[in-house]
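**Student:** Sequence:
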Amino acid sequence: IALARNDRLSSLREPGRLSVALRAVMRQNNPRLADERLEALRRMAVLAWHQSFQVAASELRAFFDAGFTHGQYETMMASIAAARTQRRRRR
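Plus 83 on top of the position in the sequence shown (first one is 1) and you've got our numbering.
A few of these clues could be false.
Derived Cβ-Cβ restraints for the label pairs, each shown as a range [to be verified]:
{"no.": "1", "residue 1": "144", "residue 2": "172", "range": "33 to 39 Å"}
{"no.": "2", "residue 1": "148", "residue 2": "169", "range": "17 to 23 Å"}
{"no.": "3", "residue 1": "174", "residue 2": "95", "range": "24 to 30 Å"}
{"no.": "4", "residue 1": "91", "residue 2": "174", "range": "20 to 26 Å"}
{"no.": "5", "residue 1": "121", "residue 2": "172", "range": "29 to 35 Å"}
{"no.": "6", "residue 1": "174", "residue 2": "118", "range": "34 to 40 Å"}
{"no.": "7", "residue 1": "171", "residue 2": "86", "range": "16 to 22 Å"}
{"no.": "8", "residue 1": "166", "residue 2": "122", "range": "18 to 24 Å"}
{"no.": "9", "residue 1": "95", "residue 2": "150", "range": "16 to 22 Å"}
{"no.": "10", "residue 1": "119", "residue 2": "172", "range": "35 to 41 Å"}
{"no.": "11", "residue 1": "168", "residue 2": "148", "range": "18 to 24 Å"}
{"no.": "12", "residue 1": "161", "residue 2": "93", "range": "23 to 29 Å"}
{"no.": "13", "residue 1": "167", "residue 2": "139", "range": "17 to 23 Å"}
Hint data in this document are derived by calculation from the structure and do not stem from the laboratory. Ideal Cβ placement from N, Cα and C applies to all residues, glycine included.
Given the sequences, and given the hints that come with them, work out the whole structure.
**Tutor:** Have a look at this one:
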């Protein structure tokens with residue numbers, strides 16, 4: 084979840100051929116995770132970091148379909164909210 088803080092929303096889109104080629108040339112890692120369940124967690128965390136609680140219903144469904152519970156979702160959102168508050172206080 085903390086690692087997703089630095090991922091861009093664009094990392095959630097399917098990469099095109101040009102992106103794949105450029106990533107290979109520049110030796111950049113693919114931010115997507117091989118494990119589908121972990122990728123669902125990363126996707127939700129990226130959305131939460133960027134959009135807070137304004138996550139599309141389809142993304143929530145995908146998160147829960149991956150086997151996560153409402154309690155896990157609430158814990159993640161509370162953790163991200165607390166990290167945001169700490170970051171604002173430090174500024």
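**Student:** Give a verdict on every hint.
**Tutor:** Do the hints match the structure? See the list:
1. 144 / 172: 33 to 39 Å: Since residue 144 and residue 172 have Cβ atoms about 34 Å apart, the given range 33 to 39 Å holds.
2. 148 / 169: 17 to 23 Å: violated (32 Å)
3. 174 / 95: 24 to 30 Å: holds (27 Å)
4. 91 / 174: 20 to 26 Å: holds (21 Å)
5. 121 / 172: 29 to 35 Å: At roughly 30 Å between Cβ atoms, residue 172 and residue 121 fall inside 29 to 35 Å, so the hint holds.
6. 174 / 118: 34 to 40 Å: For residue 174 and residue 118 the Cβ distance comes to about 35 Å; the hint holds.
7. 171 / 86: 16 to 22 Å: 21 Å Cβ-Cβ, so the 16 to 22 Å window holds.
8. 166 / 122: 18 to 24 Å: holds (21 Å)
9. 95 / 150: 16 to 22 Å: Because 19 Å falls inside the window, the suggested range holds.
10. 119 / 172: 35 to 41 Å: Taking Cβ atoms as reference, residue 119 and residue 172 lie about 36 Å apart, which means the hint holds.
11. 168 / 148: 18 to 24 Å: violated (30 Å)
12. 161 / 93: 23 to 29 Å: holds (26 Å)
13. 167 / 139: 17 to 23 Å: holds (20 Å)
Violation of the numbered hints given earlier is confined to hints 2 and 11; the remaining hints are satisfied by the structure.
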